[in-house]
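Participant: These protein sequence lines are chains Z and E, in that order. First residue of the first sequence: 1, per this note's numbering; consecutive thereafter. First residue of the second sequence: 466, per this note's numbering; consecutive thereafter.
Be aware that a few hints might be false.
[Unchecked claim] The following residues of chain Z were derived to be distant from chain E, with all beta-carbon distances above 12 Å:
hint, residue
1, THR3
2, GLY22
3, ALA44
4, ASP93
5, ASP99
6, ASN117
7, GLY178
8, THR273
9, GLY285
10, ALA324
11, ILE340
12, GLN356
13, LEU362
14, GLU368
15, GLY381
16, PHE414
[Stated by the list, open to error] Among the chain E residues that face chain Z by a calculated CB cut under 7 Å, a handful are:
hint, residue
17, ASP566
18, HIS588
19, LEU646
20, LYS648
21, ASP649
22, ALA680
23, ALA698
24, PHE707
25, GLY845
26, GLY846
27, VAL885
28, TYR893
29, ALA895
30, GLY906
31, VAL911
32, PRO914
Hint data in this document are derived by calculation from the structure and do not stem from the laboratory. Bear in mind the structure is a predicted one, so any value in this text is a computation, not a measurement. Where a beta carbon is used, it is the ideal one built from N, C-alpha and C, also for glycine.
Protein chains: 2
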Amino acid sequence: VTTQADYAAIVGAANILSPADGLDRYQADGRAAAGKAGCVVRPASPDQVSAVMRLAAARGDRIVVQGANTGLVGAGLPDDSGRQIVLSLDRLDDRIEIDPDNRSATVAAGVRLSALNAAAAEHGLTFPIDLGADPSIGGMIAANTGGARFLRYGDVRRNLMAVEAVLADDQGRIVRFGSALWKDNSGLDLKQLLVGGSGSLGVITAASVALQPLAPNRLTAMAALDDTGHALATLRLLEQSFGGLLTAFEGISGEALSLALRHVPRLRNPFATVPAYALLIELSGGDAVPVDWLEEQLAEVLGQAMETGAVADIVVDRRDGLWAIRHAVPEGLRAAGQVIACDIALRRGDVFAFRQEMRQALAARWPELMLCDFGHVGDGGLHFNMVWPRALGPAPADPRDIVFDAVLARGGSFSAEHGVGPRNAAYYDAHVPAPVRRIAGQVQRVLAPRPIGRVDFGEGEAVRV
Amino acid sequence: VTTQADYAAIVGAANILSPADGLDRYQADGRAAAGKAGCVVRPASPDQVSAVMRLAAARGDRIVVQGANTGLVGAGLPDDSGRQIVLSLDRLDDRIEIDPDNRSATVAAGVRLSALNAAAAEHGLTFPIDLGADPSIGGMIAANTGGARFLRYGDVRRNLMAVEAVLADDQGRIVRFGSALWKDNSGLDLKQLLVGGSGSLGVITAASVALQPLAPNRLTAMAALDDTGHALATLRLLEQSFGGLLTAFEGISGEALSLALRHVPRLRNPFATVPAYALLIELSGGDAVPVDWLEEQLAEVLGQAMETGAVADIVVDRRDGLWAIRHAVPEGLRAAGQVIACDIALRRGDVFAFRQEMRQALAARWPELMLCDFGHVGDGGLHFNMVWPRALGPAPADPRDIVFDAVLARGGSFSAEHGVGPRNAAYYDAHVPAPVRRIAGQVQRVLAPRPIGRVDFGEGEAVRV
Numbered sequence: 001v002t003t004q005a006d007y008a009a010i011v012g013a014a015n016i017l018s019p020a021d022g023l024d025r026y027q028a029d030g031r032a033a034a035g036k037a038g039c040v041v042r043p044a045s046p047d048q049v050s051a052v053m054r055l056a057a058a059r060g061d062r063i064v065v066q067g068a069n070t071g072l073v074g075a076g077l078p079d080d081s082g083r084q085i086v087l088s089l090d091r092l093d094d095r096i097e098i099d100p101d102n103r104s105a106t107v108a109a110g111v112r113l114s115a116l117n118a119a120a121a122e123h124g125l126t127f128p129i130d131l132g133a134d135p136s137i138g139g140m141i142a143a144n145t146g147g148a149r150f151l152r153y154g155d156v157r158r159n160l161m162a163v164e165a166v167l168a169d170d171q172g173r174i175v176r177f178g179s180a181l182w183k184d185n186s187g188l189d190l191k192q193l194l195v196g197g198s199g200s201l202g203v204i205t206a207a208s209v210a211l212q213p214l215a216p217n218r219l220t221a222m223a224a225l226d227d228t229g230h231a232l233a234t235l236r237l238l239e240q241s242f243g244g245l246l247t248a249f250e251g252i253s254g255e256a257l258s259l260a261l262r263h264v265p266r267l268r269n270p271f272a273t274v275p276a277y278a279l280l281i282e283l284s285g286g287d288a289v290p291v292d293w294l295e296e297q298l299a300e301v302l303g304q305a306m307e308t309g310a311v312a313d314i315v316v317d318r319r320d321g322l323w324a325i326r327h328a329v330p331e332g333l334r335a336a337g338q339v340i341a342c343d344i345a346l347r348r349g350d351v352f353a354f355r356q357e358m359r360q361a362l363a364a365r366w367p368e369l370m371l372c373d374f375g376h377v378g379d380g381g382l383h384f385n386m387v388w389p390r391a392l393g394p395a396p397a398d399p400r401d402i403v404f405d406a407v408l409a410r411g412g413s414f415s416a417e418h419g420v421g422p423r424n425a426a427y428y429d430a431h432v433p434a435p436v437r438r439i440a441g442q443v444q445r446v447l448a449p450r451p452i453g454r455v456d457f458g459e460g461e462a463v464r465v
Numbered sequence: 466v467t468t469q470a471d472y473a474a475i476v477g478a479a480n481i482l483s484p485a486d487g488l489d490r491y492q493a494d495g496r497a498a499a500g501k502a503g504c505v506v507r508p509a510s511p512d513q514v515s516a517v518m519r520l521a522a523a524r525g526d527r528i529v530v531q532g533a534n535t536g537l538v539g540a541g542l543p544d545d546s547g548r549q550i551v552l553s554l555d556r557l558d559d560r561i562e563i564d565p566d567n568r569s570a571t572v573a574a575g576v577r578l579s580a581l582n583a584a585a586a587e588h589g590l591t592f593p594i595d596l597g598a599d600p601s602i603g604g605m606i607a608a609n610t611g612g613a614r615f616l617r618y619g620d621v622r623r624n625l626m627a628v629e630a631v632l633a634d635d636q637g638r639i640v641r642f643g644s645a646l647w648k649d650n651s652g653l654d655l656k657q658l659l660v661g662g663s664g665s666l667g668v669i670t671a672a673s674v675a676l677q678p679l680a681p682n683r684l685t686a687m688a689a690l691d692d693t694g695h696a697l698a699t700l701r702l703l704e705q706s707f708g709g710l711l712t713a714f715e716g717i718s719g720e721a722l723s724l725a726l727r728h729v730p731r732l733r734n735p736f737a738t739v740p741a742y743a744l745l746i747e748l749s750g751g752d753a754v755p756v757d758w759l760e761e762q763l764a765e766v767l768g769q770a771m772e773t774g775a776v777a778d779i780v781v782d783r784r785d786g787l788w789a790i791r792h793a794v795p796e797g798l799r800a801a802g803q804v805i806a807c808d809i810a811l812r813r814g815d816v817f818a819f820r821q822e823m824r825q826a827l828a829a830r831w832p833e834l835m836l837c838d839f840g841h842v843g844d845g846g847l848h849f850n851m852v853w854p855r856a857l858g859p860a861p862a863d864p865r866d867i868v869f870d871a872v873l874a875r876g877g878s879f880s881a882e883h884g885v886g887p888r889n890a891a892y893y894d895a896h897v898p899a900p901v902r903r904i905a906g907q908v909q910r911v912l913a914p915r916p917i918g919r920v921d922f923g924e925g926e927a928v929r930v
């Protein structure tokens, strides 16, 4: 009670939530419920965040920063001790300044992606990180989210100009790294350390991000493949043909497509049967790039791919029907059973060989396990998700070690776009070399002399679930 | 002599150069000659670099890393003491591995941009950082070069996948940050610290970079403006019309254009007279985007701009004639007198107002000073260069303080794309807040416990010329 009173003096009693208030909303993220908070503190300004950090330092409280609870690795959730204090930024959402001439926006950290994009759209602009969820901007930076248009626009890091943050030190200092400039090389780019920092290097309170012109002319196509032998060649053909007009190149395994079509009634299969593999291709252009012209050019290029047998069938869509199928895949998987998720990245040339290798290794061991991979094959990112059928009860073992060992053997990443948190910290310890972790831990302590958040990037064992 | 013998034991006597050998080549960069080296050490492998760093640590020698000597801020040149040791990476150029499926390259740090692009072109690929000079890849990373196609492809930072470096510590440890992946969020992205680190956080020995498809269909246009009142609107119109097909938007002041046309005999003016301001616009497309079609679309869009009076005249070019004019501007300025260079960045909406403000302020004080700005106005980067006429002898004063104070007042940057070195370190001290410099210095010491290079990013005064 004393704890809460101290923090209430900063943010007001109405903005402190205790376990008696029911904290379910603050103890679950996009993947699952986890942890028990001592209380939830909801500041409404960077100055209040600073005061909270000063108080936490004086009291020795551990702060866990939380955005919109859409993360997937648990980095924004408290541990089970009941002592950690959740610093929710959901009230820090009052600032959205669009600079249309500069094509940039400066926003408070609690602003949602959808709110930023609504404001940007009034000026014909967009923040081009395309995600299934609706995270806060601060959370997007802390996780360095990627998404479905990475191939064209990159991740948050590539579209970030400046960060305002409160440091985890005795004074709760407010710092600003960078400014709303496209080009700036006036010193070390310290904001990069907060990107992908899992909320464990400081509290991001605001950011300036680069915006892109909305591409009003958009065309999607789905290609059915009998096998994936020519998928990479199709990607390279499209890149060589369309360059910056190619804005997505996604893959969906036949198994994942089947589960989506079976369990999500609003979908319909665009093909006569479910193909072995499907590619989702998107072209986008500005006002001077008519969609009719895009369709003619795409038909010609994919016509070549059909003639060579690389592609078995093609459907084209000027609306969002094909994207709806792609976005419904996670829902389909969840409906079918227990999802065992691996957010991996490989060199693009390894993606399809890796799939084959894993299908053999896993089918031999667990024939019932459904391999339902899908994702951003155009950038080497793969949601190598597996589903254990609901009818069979809980999964008997965790196949992820096999998957991640194979990823590591190919020089891949155990976290392509979800960041590092308690749910995958064991893989961080196992996959990142000790000398690199040692340096990371030292850098983390420069920005956060007092521990904050859930991840210790140092050479010791990272915090785990 | 003892010094040289110790280093010769690592790299061989033939790869040590002493002042008696004539070190002019190693004591000048893209801007000017400066400094006196104790000797030049030319290792041929990361292991040799590591041994050199161990020896330097044991002897207390200060190492200055040098690439291809195309830098502009003096970060790769020794000081005047005659005691600093230049570590030249010009022999570290034996590794260029292109992965066409992944669209990436892994190269030794001494490889030149031109050599990388020649190798990439064999696979229809390019490293899209377009520069007037031919730097080494290591130097490009240390400076985070930008260039003329930043608007479309960004800077080195945005196209960098991994860095191998030798740290400035007692052991000369070799570390690798990142891997050849497009997407990777498996921990803090420590390679970012070496980007724009001016060779003062470690010795970059190799890197993996992302490549882009060559855009074979390319069209440039130059637009003559009577005034710059509609230049920004023209940029926004082109962005909204062409999106990712717009690959450059450069500006040239009439004064800069005049000097280029006067002093570079191979050029000819594409217009009847020299306009008050000229825009260079480039569209690029893949195989499915014919140049005829690009020209039709561009004619229509720029036709709108002519009708509204935003643009006075337009010429179109399918070859490199217009780029030749743009690239010859620095040569024209040097021929006309003493160039006083400012590599600044502003928010895009501020660029043209800033020019007007500076023209008034500077003309009032030094009427003879020629204001010859040019550069990357599409990304807010401006080479705000001034020329003091040769006939008048040396410039009587340094107008840069006036320029940089005005840049700072607008939240701009004193170094858009040339990085930080002895030549502009005083502006680093003056423009970067002390708390940020304090953190930067601490981070620098984590990676480089022993000082290396010419820049101290810490809170003390940075090293100066």
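Participant: Does each hint fit the structure? Answer for all of them.
Facilitator: Evaluation of the provided hints:
1. THR3: Given a closest Cβ separation of 29 Å, the condition holds.
2. GLY22: holds (32 Å)
3. ALA44: holds (24 Å)
4. ASP93: holds (24 Å)
5. ASP99: violated (7 Å)
6. ASN117: ASN117/Z is indeed farther than 12 Å from all Cβ atoms of chain E, at 17 Å.
7. GLY178: Answer for GLY178/Z: violated, closest chain E Cβ roughly 9 Å.
8. THR273: It holds; THR273/Z is separated from chain E by about 29 Å at its closest Cβ, greater than 12 Å.
9. GLY285: violated (6 Å)
10. ALA324: holds (24 Å)
11. ILE340: holds (19 Å)
12. GLN356: For GLN356/Z, whose nearest Cβ neighbour in chain E is about 15 Å away, the distance exceeds 12 Å, so it holds.
13. LEU362: holds (22 Å)
14. GLU368: holds (30 Å)
15. GLY381: violated (5 Å)
16. PHE414: Incorrect as stated: the minimum Cβ-Cβ distance to chain E is 6 Å, not above 12 Å.
17. ASP566: holds (3 Å)
18. HIS588: violated (9 Å)
19. LEU646: With a closest approach of 5 Å, the LEU646/E hint holds.
20. LYS648: It holds, given that the least Cβ distance between LYS648/E and chain Z is near 4 Å, below 7 Å.
21. ASP649: holds (4 Å)
22. ALA680: Hint holds; ALA680/E Cβ to chain Z Cβ min 5 Å, cut 7 Å.
23. ALA698: violated (9 Å)
24. PHE707: holds (5 Å)
25. GLY845: For GLY845/E, the interface hint holds, since the closest Cβ of chain Z sits about 5 Å away, which is under 7 Å.
26. GLY846: holds (5 Å)
27. VAL885: Constraint on VAL885/E satisfied, holds at 6 Å.
28. TYR893: holds (6 Å)
29. ALA895: Status violated, d = 11 Å.
30. GLY906: violated (9 Å)
31. VAL911: With Cβ-Cβ at 4 Å, under 7 Å, it holds.
32. PRO914: Hint violated; PRO914/E Cβ to chain Z Cβ min 10 Å, cut 7 Å.
Checked against the numbered hints above, the structure violates hints 5, 7, 9, 15, 16, 18, 23, 29, 30 and 32; every other hint is satisfied.
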